[in-house]
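K.L.:
Sequence:
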Amino acid sequence: MLKCRAVWRKLAPLARSASTQCRHNVKTALNNGRRQAFVPATHMSTGPAGGGGSENTLYVVLVGAACLGGGAYAYMTVRGDSKRYEERISELASRSAKEAPESQPPVAPEPEEAAPTSEESAPVAELSGETESASAEEPVTEVPAEPAAPVVEEELPAPSELEATHSEPPPAPLESAEEPVTETPPEAAEQAAPVLAEEPVAEVPPEAVEEAPPVVEEAAEEPVTEAPPAAEPETVQEAPTEPAVTSLPESAPAPEPVSAPLTLPSHAPYLLIGGGTASFAAARSIRARDPGAKVLIVTDEPNLPYMRPPLSKELWFSDDPSVTETLRFKQWNGKERSIYFQPSSFYVKPEELTSAENGGVAVLTGKKVIQMDVRGNKVKLDDDTEISYDKCLIGTGGVPRNLQVIEKAGDEVMNRTTLFRKIEDFKSLDNVSRNVKSITIIGGGFLGSELACALGRRSSETGLEVIQMFPEKGNMGKVLPEYLSNWTTEKVKKEGVRIVPEALVKSVAFKEDKLEILLKDGRQVKTDHIVAAVGLEPNVDLAKSAGLEVDSDFGGYRVNAELQARSNIWVAGDAACFYDIRLGRRRVEHHDHAVVSGRLAGENMTGANKPYWHQSMFWSDLGPDVGYEAIGIVDSSLPTVGVFAKATSKDTPKAATEQSGTGIRSESETEATAVTPVASSTPAPVMEHKDEYGKGVIFYLRDKVVVGIILWNVFNRMPIARKIIKDGEEHADLNEVAKLFNIHED
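Just add 1 to the spot in the sequence shown (first one is 1) and you have this note's numbering.
Please note: incorrect hints may appear among the correct ones.
[Unchecked claim] Quick list of in silico lysine-lysine cross-link-like pairs, PhoX-like style, CA-CA up to 25 Å:
1. 409 - 331
2. 409 - 423
3. 423 - 438
4. 369 - 545
5. 336 - 428
6. 368 - 507
7. 428 - 438
8. 515 - 409
9. 409 - 521
10. 527 - 428
11. 331 - 369
12. 438 - 369
13. 492 - 479
14. 705 - 479
15. 409 - 350
16. 336 - 409
17. 521 - 331
Source of the hints: derived by calculation from the structure; they are not laboratory data.
Just so you know, these numbers come straight off a predicted model, no measurement behind them.
Could you build all of it, start to finish, from the sequences and the hints given here?
P.N.:
The structure is reproduced here in structure tokens:
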């Protein structure tokens with residue numbers, strides 16, 4: 002075909018020039034002939050009639066002969082090419098090698114090259130993998146499918162059509178007759194040819210390139226058909242001046258496809274701000290009461306909703322070296338579970354939420370709500386996207402507090418300080434603990450004590466020095482009575498932790514590649530890394546734009562007993578300062594409160610109108626052997642009464658999870674067990690202020706009424722404690738009340 006095309010390009014200018022000259026001469030001859038009829042013969046010159054008619058006739062004959070010769074040559078060439086091509090098709094079809102893909106998507110023709118005529122149609126090497134060699138000696142190389150733009154193949158006419166048109170000269174190219182025909186180089190074709198196919202072009206394996214039969218494509222609207230087989234194969238040859246198509250190395254990675262921009266829903270019937278436990282509990286509650294509900298959760302974290310307690314508990318005791326990636330952990334009972342509430346398959350994609358027939362829960366990660374228009378019922382994201390809502394829940398939780406002396410110490414100190422709250426903080430601290438020699442934990446509360454015990458266990462294996470300092474006299478001194486706090490402090494020391502009590506930090510500085518912590522009493526501690534576990538600050542960033550009230554005493558958004566801040570806005574979790582119908586206004590920062598308040602808010606968003614009367618619990622574990630559960634107001638400044646008994650092997654967090662079947666003990670709780678408890682008939686010896694506190698009950702009193710209870714190594718008795726606080730009665734003898742928990746039974 003290329004040879005025929007080259008011959009035609011050489012003959013085309015001559016044919017056009019001869020044709021033009023021929024038409025001019027014929028016109029002149031005809032004009033002369035007509036004028037000759039009106040001129041008297043006596044006035045004619047002695048020269049040839051018609052002004053040189055014999056010469057014109059001879060010229061016409063010569064030009065006609067040339068045209069006939071060129072047409073005959075073109076016919077013979079095209080017919081031979083067609084015959085050889087059909088035979089090539091027949092041979093390739095008979096081979097037993099792997100076949101090429103059944104169809105190839107049509108693409109646009111090269112913009113600068115004229116489309117070949119039907120006589121010139123022949124196999125065109127495709128850049129998507131079916132590349133023919135330029136000659137028998139040249140190796141076939143492969144071009145990756147995605148960046149290359151395949152060349153459009155014209156429909157090859159049947160042999161009968163070729164025979165019917167063999168007497169006609171090839172039609173002129175698509176370009177102007179006066180302009181020469183130029184070919185686009187392969188490199189320009191790859192850049193210029195736009196791909197029109199809707200499906201990606203499949204890549205053909207290198208071993209199948211030579212043997213795969215080329216696919217002849219029809220027009221874009223018609224199905225792909227193969228040309229009928231013939232007798233003799235044809236070897237396609239390129240002109241010597243045309244560069245051979247080369248391929249990229251097989252190992253070169255193909256460019257990633259550009260994903261379509263995310264189309265966010267402009268409206269969500271239920272909009273939940275924050276991706277924590279409270280929002281997930283609310284979403285689950287909404288879907289339970291309204292199965293077709295469409296719920297959108299917006300979170301600035303990159304993760305789906307997950308539980309936070311394992312970040313400072315079970316994950317640190319995992320034997321899996323890849324735990325920071327899998328985020329799967331073994332509970333104290335040996336059962337394994339993921340930190341995520343649900344896998345990604347549980348959720349609907351945000352862009353599909355609006356069209357979801359049965360509704361669903363979608364999570365929009367990595368987006369932060371920065372402004373809230375209460376009157377317009379819409380919010381604004383940090384990328385200026387606006388989403389309207391019918392009902393909204395604020396579950397933004399809180400952010401870890403930091404010490405001002407650390408914030409003012411400079412970047413070197415801040416870069417070596419961890420504020421523990423999220424999955425990223427767990428991963429970062431885990432990495433730090435494996436690469437430094439000492440870590441100091443500032444804070445003696447729940448989080449600080451749990452991290453101290455977890456890192457203390459690791460110190461025995463890696464030689465890591467773990468230091469815990471706090472302003473109280475003993476561990477968890479703000480929560481536990483002094484005698485129990487002292488006992489807990491000794492327990493933490495046995496875990497390999499160095500305790501620095503009554504420590505008030507005066508300054509922190511970075512000197513000689515170490516952090517120097519100077520205390521107000523003159524003591525100095527040198528360490529490599531600091532973990533600040535000094536409390537949580539409720540996230541109330543939306544209060545100003547939304548016009549919501551923030552409580553001046555407890556912090557957080559002020560809500561009523563139904564957790565409402567406005568008629569169609571609810572708040573749950575750490576950010577809610579709610580009115581407790583039994584204990585007054587409160588704000589609670591625990592997992593179970595997030596579960597219960599989120600669940601109630603979800604019910605009220607669907608019209609339940611229930612007050613928040615449930616007393617949520619919280620728990621803490623100092624390893625698998627010591628743990629406690631608490632409810633109500635537990636403040637060491639209140640009067641307390643403790644009743645203890647000897648513990649057994651069943652009185653541990655590990656045994657408790659084996660019995661309940663879950664490591665998150667609050668999830669196994671139910672509200673339905675608020676019945677009058679039956680006291681044990683076993684005598685109840687009082688073991689107050691003894692040196693051994695195996696298990697027991699600590700009552701917190703306000704005006705002689707129990708407002709808080711801690712169950713020390715006593716598990717699965719929380720409904721009884723909740724009933725006692727709900728009744729709000731005075732008790733003359735708390736030893737008798739302790740019998741309700743059956744702590745003296747083995």
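K.L.:
Taking the hints in turn, state whether each one holds.
P.N.:
Okay, the hints, checked on the actual structure:
1. 409 - 331: Violated. Residue 409 to residue 331 sits at ~40 Å, over the 25 Å cutoff.
2. 409 - 423: holds, 23 Å
3. 423 - 438: Judged against 25 Å, a Cα distance of about 24 Å means the pair holds.
4. 369 - 545: holds, 16 Å
5. 336 - 428: holds, 22 Å
6. 368 - 507: Outside the cut-off at roughly 38 Å; violated.
7. 428 - 438: Roughly 18 Å separates the two Cα atoms, so the pair holds.
8. 515 - 409: Holds, because 17 Å separates the two Cα atoms, which is no more than 25 Å.
9. 409 - 521: Distance ~17 Å between residue 409 and residue 521 Cα, so the pair holds.
10. 527 - 428: holds, 24 Å
11. 331 - 369: Status violated; Cα separation ~33 Å.
12. 438 - 369: violated, 37 Å
13. 492 - 479: holds, 17 Å
14. 705 - 479: holds, 20 Å
15. 409 - 350: With a Cα-Cα distance of about 43 Å, the restraint between residue 409 and residue 350 is violated, given a limit of 25 Å.
16. 336 - 409: Roughly 45 Å separates the two Cα atoms, so the pair is violated.
17. 521 - 331: Given pair residue 521, residue 331 is violated - Cα atoms ~42 Å apart, limit 25 Å.
The structure fails hints 1, 6, 11, 12, 15, 16, 17 (numbered hints given earlier, in ascending order).
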